[in-house]
Amino acid sequence: MNKQASTLSNLDEVRAMIKRHKMNDAIFSGVGLVCIMLVLLTLLALFIDLIIDGYPKLLSYEFFSSFPSRRASQAGLLSALVGSALVMIITFLSAVPMGVAAAIYLEEYAPKNWFTEVIEINVTNLAAVPSIIYGLLALGLFIYILDFGTSILTAGLTLGLLILPVVIVATREAIRGIPVAIREAAYAVGATKWQVVSQHVVRYATGGILTGVIIGMARAIGETAPVITIGALTFIAFLPPSPITTTPPFLNFDWLWSGFTVLPIQMFSWLSRPSPEFHVNAAAAGAIIIIVTLLMNGVAIKMRYNIRKKIKWQ
Amino acid sequence: MVTVTSPMKAESRNLNFFYNGGHQALKNISMPLYEKKITALIGPSGCGKSTFLRCFNRMHDLYPGNKYDGQIVMHPDNTNVLANGVDPIEVRMRISMVFQKPNPFPKSIYENVAYGLRVRGERNKRIVDDKVEEALKGAAIWNEVKDRLHDLAFNLSGGQQQRLCIARALATDPEIMLFDEPTSALDPIATANIEELMSELRNKLTILVVTHNMQQAARISDYTAYMYLGELIEYGDTDRIFTNPTRKETEDYITGKFG
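Protein chains in written order, with the numbering used here: chain Y, 1 to 314; chain H, 315 to 573.
Treat the hints as calculated values from the structure; they're not laboratory data.
Idealized CB from N, CA, C, for every residue including glycine.
Mixed in with the good hints there might be a few duds.
Unchecked claim - Covered, in the sense of this in silico footprint (three residues per stretch, anywhere, with C-beta under 8 Å from a C-beta of chain H), are these stretches of chain Y:
hint: 1; region: 170–184
hint: 2; region: 189–198
As the list claims (entries may be wrong) - For lysine-lysine, the following DSBU-like pairs were computed, each having C-alpha atoms within a straight-line distance of at most 35 Å:
hint: 3; chain 1: Y; residue 1: LYS309; chain 2: H; residue 2: LYS460
hint: 4; chain 1: Y; residue 1: LYS310; chain 2: H; residue 2: LYS460
hint: 5; chain 1: H; residue 1: LYS415; chain 2: Y; residue 2: LYS310
hint: 6; chain 1: H; residue 1: LYS341; chain 2: Y; residue 2: LYS112
hint: 7; chain 1: Y; residue 1: LYS193; chain 2: H; residue 2: LYS518
hint: 8; chain 1: H; residue 1: LYS415; chain 2: H; residue 2: LYS518
hint: 9; chain 1: H; residue 1: LYS415; chain 2: H; residue 2: LYS381
hint: 10; chain 1: Y; residue 1: LYS309; chain 2: H; residue 2: LYS421
hint: 11; chain 1: H; residue 1: LYS460; chain 2: H; residue 2: LYS421
hint: 12; chain 1: Y; residue 1: LYS310; chain 2: H; residue 2: LYS451
Chain H on its own, in the form it takes in the complex:
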């Protein structure tokens, strides 16, 4: 095992989350995200892994009545992104997200990637051009779209659309990128492309990915967390979790006896 310990980029501390109506979806979750590593969240449907992921960029704030309790602290500045005084928009400018189904805007490929910069008020065309190119290259889709940047994004295939969404999330230089089951709507070849891309992105930023495909977690992640019924059952090195889990529940899940 050659896991070089890297600094912590973020950590959740005793995080509880309640949906509107009082249902507690997360129970006392404490877990680190290491810098420039991929952390995978696995667990059966409804275990709270997507809910946990969406706490990081305060997506739950979009719907009334949801309540956080606990902290998600970002390093090195020690900002608690869940604190009342922290604007969710500021958090989303530092932590970007890629969704389960590709969700490009009905705009051109270029405008999709440029949107994050536009939101930040960037007007200089040269800077936007450069950033868009850089992001599309970073998302390994530049060669396929460079001649049709002003085509509608909907004309791309599903896998290309998902890479475009990654480029959109990348264009604003986020510190952390959240992936919510990014390949569940894609075919095997597109899935392989996205997985390869995620491994490359690890050189630039910290990744938290939700997946219900255990092989995927084993292939791409450095750390894995197994969640069940809103609780964090086990967290550790991916290699260890998949070869030598300490908890019986984890073993049952990864060997397919359960879930």
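Okay, chain Y solo, but in the shape it has when bound:
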């Protein structure tokens, strides 16, 4: 009897203890929720504010089809939109092949010694270098040494360098996610390293690589400092020469050397004007940048989801 009573009172104690310990769970979820909400709500408020300020422009077709102007009501985004798109093409074409190739080399081919270790650490560090430093590098290398001028090519290559570490790190992560068992399976039927890399590793890692590329591009599209450093124009009332022509050879690369402006610079230039009407334009441009960035991130998430659904490792 006695023993049973003591067991029962023990049980009460155990329950009280569990309750006490569970308090920590509740406290932590509360704190975590507040933190997340602070971040999300701040961003959301900013975004909504931009949309409210800029909505007269966001709804007008002329805003997207006009060049900048001295009159706020007639000023548009056209040259900045086209400039950003063309710069992004160069950024993509320069950063992706180089970044993916570098990551494959580091992950699959490079011998593991102190030298490659130093390279690896530095690649990760490069991702943390302030973007204006890349601007200075580009000013020295592309403009003064290589004489590319303040052109779309220079801007694209600069932003390409800027996102190179992002692409390399994302690609390496994606490559590392391929199970050893799959590599061994390919080697075991007699594949060479290049066959394993090109026919398996890179293919199965495509989802992760693309995610990294898009996130890098989304960062590049909002970068302002390095593009200002290389001297991008702030007022530009013409479009670069069209890359496609009606006469053979149908392709034209003159646009590479053209002057340009990009979305964040256009926004910055409007923002620095005293007249409040221009601030409406700036708000609208800001909203566009955020929307483009969110769309790119959305595409990245969707791609990753689709590929994960298709390739599920056991």
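Let chain Y serve as the given structure and place chain H on it in line with the hints.
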């Protein structure tokens, strides 16, 4: 006992193996593989049986710092597969492997089986089609997949995936097939299927199988080798090893006193 002596397909001669860092995982192992027979490697975890198996197709070459010492000679051509001048890819084209967990590629059933042929540069679609069908039949999975050859291999059950991996290993007509605990991730029915399949494969090729299931070794193999701490303790006819082992350690292991 009606073991008809068959010619030797391969043999390891004084094989030592050192992992990166110097740990000696195999100590002076000499042992034959008879042609068109199943040889089973048994022993407790960590005894080196998988390490030994993976020497045959030079899988250890994939990781830096591993070192072989000794020979694994294939007959009748007397090629030492561990020799420096022999390309591990050439070895893997003659000796194929089935792994512990089914590891199909995230590709179609057809492409999984065809991969070995693609690696060898085979482009003729008719030849590839024929070989794929032959291999899937050989792996006793043709009837289950013939109507969905272009489905993703991941949609198959675990046992089917393992038979698909056997078909993949079979499609290139290997001389020796290595099985590294091929049924340890499978349920009893799938295990029985694989065991039956291995017995049939014996008509075509030489098999070396690692298993930590002693009953399995007794059921399917012609010869058994007991390994412990990197050494070959005893090798012989499976019937004799399981009924009348000469070494005390072997007897302790197979009677369950140890391991």
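- Item | Pair hint outcome, LYS415 of chain H versus LYS310 of chain Y [Cα-Cα no greater than 35 Å] | Holds, at about 20 Å.
- Query: Are the Cα atoms of LYS193 of chain Y and LYS518 of chain H separated by 35 Å or less?
  - Reply: holds, 30 Å
- Task: Would you check the hint for LYS309 of chain Y and LYS421 of chain H, treating anything up to 35 Å between C-alpha atoms as holding?
- Result: holds, 14 Å
- Item | Restraint status (C-alpha distance of LYS341 of chain H to LYS112 of chain Y at most 35 Å) | Since the Cα atoms of LYS341 of chain H and LYS112 of chain Y sit roughly 28 Å apart, the hinted pair holds (cutoff 35 Å).
- Message: Tell me if the straight-line CA distance from LYS460 of chain H to LYS421 of chain H falls inside 35 Å.
- Response: With a Cα-Cα distance of about 16 Å, the restraint between LYS460 of chain H and LYS421 of chain H holds, given a limit of 35 Å.
- Query: Between LYS310 of chain Y and LYS451 of chain H, does the CA-CA distance stay at or below 35 Å?
  - Reply: holds, 27 Å
- Proposed proximity, LYS381 of chain H with LYS415 of chain H (alpha carbon, max 35 Å): It holds: about 26 Å lies between the C-alpha atoms, which stays within 35 Å.
- Has the given pair, LYS309 of chain Y with LYS460 of chain H, been kept, meaning a C-alpha gap of at most 35 Å? Answer holds: LYS309 of chain Y to LYS460 of chain H is near 25 Å, not above 35 Å.
- Message: Hinted pair, alpha-carbon criterion (35 Å max): LYS415 of chain H, LYS518 of chain H. Please report holds or violated.
- Response: holds, 24 Å
- Take the region 189–198 of chain Y, compare each residue's beta carbon with every beta carbon of chain H, and decide whether three or more fall closer than 8 Å. Answer holds; 5 residues pass the 8 Å Cβ test.
- Item | Restraint check for LYS310 of chain Y with LYS460 of chain H, where alpha carbons must lie at most 35 Å apart | With a Cα-Cα distance of about 22 Å, the restraint between LYS310 of chain Y and LYS460 of chain H holds, given a limit of 35 Å.
- Query: For the region 170–184 of chain Y, do at least 3 residues have a Cβ located nearer than 8 Å to some Cβ of chain H?
  - Reply: Holds: 5 residues of the region 170–184 of chain Y have a Cβ under 8 Å from chain H.
Hint violations for this structure: none, all hints satisfied.
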